[in-house]
Each structure stands twice: as C-alpha cells, then as structure tokens.
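Let the sequences and hints guide you as you build the complete structure.
So the protein lines, in turn, are chains A and B.
Okay, so the first sequence: first residue is 1 according to our numbering, each after it adds one.
Okay, so the second sequence: first residue is 113 according to our numbering, each after it adds one.
No lab work stands behind these hints: they were computed from the structure.
Quick reminder that beta carbons are idealized off the backbone N, C-alpha and C, glycines included.
In silico negatives: residues of chain A with every beta carbon more than 12 Å from chain B:
(1) Leu13
(2) Glu16
(3) Asn22
(4) Thr26
(5) Asp54
(6) Ser58
(7) Phe62
(8) Lys68
(9) Gly78
(10) Ser79
Using 20 Å as the maximum straight-line C-alpha spacing, the simulated EDC-like pairs for lysine to aspartate or glutamate come out as follows:
(11) B:Lys169 - B:Glu156
(12) A:Lys94 - B:Glu214
(13) B:Lys190 - B:Glu156
(14) A:Lys94 - A:Asp55
(15) A:Lys68 - A:Asp55
(16) B:Lys190 - B:Glu180
(17) A:Lys94 - A:Asp2
(18) A:Lys56 - B:Glu214
(19) A:Lys99 - B:Glu164
(20) A:Lys60 - B:Glu214
(21) A:Lys94 - B:Asp168
(22) B:Lys123 - A:Glu42
(23) B:Lys190 - B:Glu164
(24) A:Lys99 - B:Glu214
(25) B:Lys190 - B:Asp168
(26) B:Lys169 - A:Asp2
(27) A:Lys99 - B:Asp168
(28) A:Lys99 - B:Glu180
(29) A:Lys52 - B:Glu214
(30) A:Lys99 - B:Glu156
(31) A:Lys94 - B:Glu156
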Amino acid sequence: GDSVTQMEGPVTLSEEAFLTINCTYTATGYPSLFWYVQYPGEGLQLLLKATKADDKGSNKGFEATYRKETTSFHLEKGSVQVSDSAVYFCAPLKAAGNKLTFGGGTRVLVKP
Amino acid sequence: GAGVSQSPRYKVAKRGQDVALRCDPISGHVSLFWYQQALGQGPEFLTYFQNEAQLDKSGLPSDRFFAERPEGSVSTLKIQRTQQEDSAVYLCASSLQGANTEAFFGQGTRLTVV
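Here it is in structure tokens:
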C-alpha cells in the first residue's frame with residue numbers, strides 16, 4: 001500500500017536558520033503531493049501542493065519540488081521565524097483517489 | 113460557516129459506551145472526510161463522502177464504527193461499544209470537490225476512553 005516516510009522530529013532551530021524536512025513516499029501511479037501544517041491549538045491547514053512531476057509548490061516562504069525520480073517532496077524554507085513553530089505533515093494523494101496518506105509529522109521549534 | 117466545526121471538542125467515554133461525533137463542514141463543500149489521529153502520529157483516513165453518498169469507508173477499523181451524512185451536509189461519526197484503543201483525535205475535513213482541492217480541517221474531537 002501507499003506509505004510516507006518523514007524525518008522524525010523534533011527539529012529545533014534558531015530564527016533565520018535554514019529548514020529542510022525530508023519526505024519520501026511509495027505510491028502506485030503518480031500522486032499529487034501536499035504539505036499540511038498544524039500550528040499550536042489549531043487545525044491542520046494546507047501549506048502547499050504540487051500536482052505533477054517537477055512542479056514546485058510554494059507558500060509563506062516554504063517550497064517543495066515534486067521529484068518523481070526520487071519519489072520525494074522535501075520541504076524547505078530559507079529563513080525560519082518563531083511563528084513557523086508547528087507540526088508539518090507530508091501527504092501524497094493517490095491519482096484518481098480521495099485518500100490523503102499522511103506521514104507521521106515533524107515537529108519544528110524555532111527559538112528566538 | 114467560517115470553517116469546519118466539530119463537536120464536542122473533548123469527549124470522555126467509559127469503555128463500552130456509544131459515542132457520536134459531529135462535523136459541520138463549510139457550506140457548499142461537496143466532499144467530507146473523517147480521519148483518526150493517534151497521539152504523536154499522522155492522521156489516518158477513515159471514510160469519505162461525496163454529498164450524502166459514502167464512497168469510501170475502507171479505513172473504518174471495525175464494524176463498531178459508522179458514519180453518515182444523510183442530507184449531504186452535517187456528518188456524524190458513531191462509535192459503538194468504545195474500547196481503549198479508540199482513544200484518539202477524530203478529524204473532519206471538507207473540500208469543494210474531492211481531495212485534490214484544498215481540504216479544510218476542523219480542530220478535531222479528542223476522544224478518551226477510560
């Protein structure tokens with residue numbers, strides 16, 4: 001079945017540091033790929049997505065590129081802020097399906 | 113409404129008790145999803161509705177779990193004869209059409225079975 005592997009947290013960074021969260025997946029066909037974020041005390045929110053190979057999703061300074069050859073969708077941000085402290089989830093969506101498969105989540109803590 | 117609303121936010125149930133969890137999706141959203149999130153893990157798919165039709169219930173862990181959306185709007189997830197392993201956060205999400213459009217999540221119902 002489909003599965004997602006995300007780097008385990010917690011990841012602790014200082015403000016303005018570079019953030020990378022690795023995500024690889026196994027899936028039949030070519031899924032759409034999503035990153036969701038959960039800020040403290042809030043529900044899951046869509047951060048960005050990519051729907052085909054080589055697409056780059058971006059939002060709020062975060063970027064992720066759909067790499068078909070390595071089945072990866074790593075999340076990056078060049079300069080994090082304290083407000084980026086949250087749990088980040090990678091989630092492929094099977095082509096022609098309606099079932100998001102979430103990774104285990106990576107907790108990020110940004111210190112001033 | 114402004115977002116997806118779930119109630120109750122917290123529920124404590126004695127083992128063996130039946131519970132009902134409610135989800136009010138965003139008005140006009142055709143698709144509705146239920147997920148189960150155990151502590152420290154990612155959400156796991158339970159079931160999916162398109163309007164009132166339950167198109168996928170492959171993630172429901174047992175026949176004690178039942179979901180409905182009779183008028184294509186509000187949905188209820190019912191768990192019969194709760195067991196300790198049912199303790200989790202139950203998340204509801206809605207989207208305009210399918211999971212490839214942005215899914216908006218509620219804050220979840222935290223169920224604790226004692």
